[in-house]
Amino acid sequence: MFSWILLLLLWSPEGTCGNGVIFTKHPVNQTVSQGNAARLGCAVQGLTEPDIVWMKDGEKLYSTDQMFITLGEQHWETYHSVKSVQQQDAGQYWCEVESNGLTFSSEHAWITVEGVPHFVQEPQDVATFPNVPFNLTCDAVGPPEPVEVLWWLGGEQEGEPRPSPSILHVPGMNTSVKFYCEAKNTRGISVSRTGTVHIKVLPAAPSGLQVLRMEDNNVTLAWKPGFNGHSELTTCVVQLSRRSVRRWDLPQQEVQVPPHLHVLSALRSHQNYSVRLSCLNEVGASPFCPWIHFQTPESVPSAAPRNLTFELSEQQLALSWAVLQEEQLQGRLIAYKLQWTRGGEPQEPLLFKENSALLSGGGRFFNASFQVAACTSVGCGPWSPPVLRSHMWVGLLLGLLLATVIGLLLTVVAHRREKETQFGNCAELQDST
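Going left to right, the sequence shown walks through residues -18 to -1, 1 to 415 as mature numbering (1 follows the signal peptide of the UniProt record, and there is no 0) numbers them.
Note that these hints are calculated values from the structure, not bench results.
There could be a bad hint or two in this list.
As the list claims (entries may be wrong) - EDC-like mimics (lysine to aspartate or glutamate), calculated; alpha carbons at most 20 Å apart, straight line: (1) Lys335 - Glu309; (2) Lys160 - Glu127; (3) Lys166 - Glu214; (4) Lys166 - Glu197; (5) Lys335 - Glu296; (6) Lys38 - Glu59; (7) Lys166 - Glu236; (8) Lys7 - Glu104; (9) Lys160 - Glu138; (10) Lys319 - Glu330; (11) Lys166 - Asp121; (12) Lys42 - Glu78; (13) Lys38 - Asp107; (14) Lys38 - Glu80; (15) Lys160 - Glu96; (16) Lys160 - Glu236; (17) Lys319 - Glu280; (18) Lys206 - Glu264; (19) Lys206 - Asp231; (20) Lys166 - Glu140; (21) Lys7 - Glu96; (22) Lys42 - Glu96; (23) Lys7 - Glu138; (24) Lys38 - Glu127; (25) Lys65 - Glu80; (26) Lys182 - Glu130; (27) Lys182 - Glu197; (28) Lys182 - Glu142; (29) Lys38 - Glu89; (30) Lys206 - Glu236; (31) Lys42 - Glu104; (32) Lys166 - Asp198; (33) Lys65 - Glu31; (34) Lys65 - Glu96; (35) Lys319 - Glu308; (36) Lys319 - Glu296; (37) Lys182 - Glu308.
Claimed, not checked - If you anchor each label on the Cβ, the simulated ranges turn out as follows: (38) Lys206 - Gln70: 24 to 30 Å; (39) Ser63 - Lys206: 27 to 33 Å; (40) Glu127 - Arg21: 49 to 55 Å.
Where a beta carbon is used, it is the ideal one built from N, C-alpha and C, also for glycine.
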């Protein structure tokens, strides 16, 4: 019973919406030719200063063309105008007003825009292999309907007009051509965008290959892709070679692109490298770009000098060691550092340009040990194993012992010969008497 009473209170004749709000005028359906003007009207009675809002397809309209007219006490009329109707203006319209927290709506009306067809789907560019079939699609609508589509391919008409939407089956092409479609209804003809059939080919060589960053032994390369041959580039192949006494070609590296970046890692220090690359699409590989050359930064030597040997005399100590290979040196040799200790106490290190050293005063190196390291501008490498004093003096003592033994033997031999000579002389004298 309560619901029936509420309905009776809210309903009243002549467009009453309840709460004293009456729509005395509603928007009406309109069919408008494209480019012409359209105007919708709405009138509300029962509010002093109503805020009448126009709606389109559920969204509020914000327009400077809306106007309000006073028809009488608490009676207002408003209009929504479109000066030049376009397809996007087609839709469902109504007006709304609020009162005491309630929203009241007028009847809904449609604006239908008639004109030349407009395209829902225009034909798009195509990239294909030679002589491979493909389809082109064109979809246009009115109103008014029906809409027919006519295809143009390479400047020539393809068949007769057909209903929209239309799919054109192309058996295959071996050259690039332009195409478009025409859409026609009783209002006129619309022409789509012009598309292009591209034939897929090999890509062009990359350009602008450069060393973007160099950190330790890691080098970041960057480049610009060349023309992709109407087929997406998927992979680039990097060729790297190291130039020392001879050229060493290193294994090729495959890079997924984009991005067009690649990091060459674990390269050798202070080495000359050359690099180039080629990129691939569905058809095949591009030519290689020109070689670029770079040198990795210096580092400390990776190995210690080997075969540290010496010759010791009372006047001087002569030391020598093997030269490091270029790969071990990892930079430009600045000097060899000779570290020595005497009686377990470190002494001032000595620097030498060559792989040998002459130290005067052999006696001062008694009870000493020696180590040597190679140095570049970055720093010094590992020390060689120490040559201990026992290694030196055992040899020296053995030499002295051997010399002493030989001297004693020579003395004994000389003494024996002297005695034999004396005995020989005595015998001769006895025989003569």
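Quick rundown of the hints versus the structure:
no. : hint                       : result
1   : Lys335 - Glu309            : holds, 19 Å
2   : Lys160 - Glu127            : violated, 28 Å
3   : Lys166 - Glu214            : violated, 36 Å
4   : Lys166 - Glu197            : violated, 65 Å
5   : Lys335 - Glu296            : violated, 25 Å
6   : Lys38 - Glu59              : holds, 18 Å
7   : Lys166 - Glu236            : violated, 52 Å
8   : Lys7 - Glu104              : violated, 42 Å
9   : Lys160 - Glu138            : holds, 10 Å
10  : Lys319 - Glu330            : holds, 10 Å
11  : Lys166 - Asp121            : holds, 11 Å
12  : Lys42 - Glu78              : holds, 10 Å
13  : Lys38 - Asp107             : violated, 35 Å
14  : Lys38 - Glu80              : holds, 17 Å
15  : Lys160 - Glu96             : violated, 30 Å
16  : Lys160 - Glu236            : violated, 36 Å
17  : Lys319 - Glu280            : holds, 18 Å
18  : Lys206 - Glu264            : holds, 19 Å
19  : Lys206 - Asp231            : violated, 24 Å
20  : Lys166 - Glu140            : holds, 15 Å
21  : Lys7 - Glu96               : violated, 25 Å
22  : Lys42 - Glu96              : violated, 24 Å
23  : Lys7 - Glu138              : violated, 55 Å
24  : Lys38 - Glu127             : violated, 24 Å
25  : Lys65 - Glu80              : violated, 28 Å
26  : Lys182 - Glu130            : violated, 32 Å
27  : Lys182 - Glu197            : violated, 39 Å
28  : Lys182 - Glu142            : violated, 30 Å
29  : Lys38 - Glu89              : holds, 12 Å
30  : Lys206 - Glu236            : holds, 16 Å
31  : Lys42 - Glu104             : violated, 31 Å
32  : Lys166 - Asp198            : violated, 68 Å
33  : Lys65 - Glu31              : violated, 27 Å
34  : Lys65 - Glu96              : holds, 15 Å
35  : Lys319 - Glu308            : holds, 18 Å
36  : Lys319 - Glu296            : violated, 24 Å
37  : Lys182 - Glu308            : violated, 49 Å
38  : Lys206 - Gln70: 24 to 30 Å : violated, 40 Å
39  : Ser63 - Lys206: 27 to 33 Å : violated, 53 Å
40  : Glu127 - Arg21: 49 to 55 Å : violated, 26 Å
Checked against the numbered hints above, the structure violates hints 2, 3, 4, 5, 7, 8, 13, 15, 16, 19, 21, 22, 23, 24, 25, 26, 27, 28, 31, 32, 33, 36, 37, 38, 39, 40; every other hint is satisfied.
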